[in-house]
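**Student:** Below are the chains, spelled out letter by letter.
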Amino acid sequence: MKIRIINGSQKTGASNTGIILNELNYFLKKDSEIINYTLGIKQFSPEIYNEIASGDIIIFAFPLYTDSIPSNVLQMLIDLENCLKKQAFKETVIYTIINNGFYEGQQTHIAFEIMENWCLRSGTLFGGGIGQGAGEMIGATKNTPLWKILFGNLIRELKIIAKKIERKETFEIKYLSPNCPRFLWEFMALHTFWHPLARKNKLTKKDILKTPIN
Amino acid sequence: MNVLIHDLENFDESLISTDKQKDTVIISDNGKIHPCICCFSCWIKTPGKCAIKDGYDNIGLLHSKCERLVIISRCFYGSYSPFVHNVMDRSIPYLLPYFETKNGETHHQCRYDNKPVIKVYFYGEIFDMEKETAKKMVLANGINHHAQKTEVYFYDNSNDIQEIL
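Chains V and B, in that order, give the protein sequences. Residue 89 in our numbering is what sits at position 89 of the first sequence, and the numbering runs on without skipping anything. Residue 1053 in our numbering is what sits at position 53 of the second sequence, and the numbering runs on without skipping anything.
To be clear, the hints were calculated from the coordinates, so they are not data collected in a lab. It is possible that part of the hints are untrue.
[To be verified] Calculated lysine to any residue pairs in the SDA-like style (CA-CA distance at most 25 angstroms, straight line):
#1 B:1131 to V:172
#2 V:210 to B:1117
#3 V:168 to V:123
#4 V:205 to B:1058
#5 V:210 to B:1013
#6 V:210 to B:1102
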């Protein structure tokens, strides 16, 4: 089975999307031909598009931008659509993993609709996916004991879908939030993430709230 | 003030009435826009200001000043075109890293008090499902951008779009 995995994060370094895909890769059987790609802020070459289109299974993973798909991933989908249309009599199954910075994984549902619309246009089959909330917390907790507590449900779900993906099974989109109440997530986001990052730049809360007028 | 974001190759100025032309900032594709890389400088390094200096670093500021945000975009799968999407992605300096809850969902607080009207004109050969998705996306954009209201229109051809402002 040829599996193509595309990390659509626009971040230049390590990404939350990359962490999720590392977990997924760990659960996929090694007898499949798996190729991982990182899109970044540039587009793929025609050779890479052809290589991706040759997959039996394509897995897209990206962060939510403006309730939708990041602009670089959108451009890639437009280009890949043309490649896939050239392939007659081949059923490619598409899986998608979307993370967003808000608590609720459910907020990725419009981006999933866009992916389903893309599948119709490109002649592929939408297989399902995971919509994950608290995306920024993934990277922030990955190397701490909190990782398995907050994202244990994500790890379990990735293990489940890895098996389904290898069988080209379709499944319902699973929307996940971190394993903690929303108020606790918000408290941690502010006091263990945004405020410490701002303090490193010698900024206070008052500075964060500035309203530049030019 | 009005802000118009469009992806048209040949923009017809008559789409904007003469009395509104001076008060409208037009954002179009000069081929040099850089994607938002989620560096969050606009939140925790230079609050309200985008770190990517490519001529599109004032999008958040323009959002803060406009009464009407008008978008003309080819529709791709129920979303904007990559250029228009890129411009919208670059608007996060307009928001704060702080949260608020609306209708049971988390959203970012707004840095400014502005509440623009967002009008979106989609064009192209658009399937009904894509139209439904696009309506949902613009509504969600309105919530996240603290809009007063949103309006969505669909056209088969960009030439059919009549006066927008």
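**Student:** Provide an ascending list of the numbers of those earlier hints which the structure does not satisfy.
**Tutor:** Violated: hint 5 alone.
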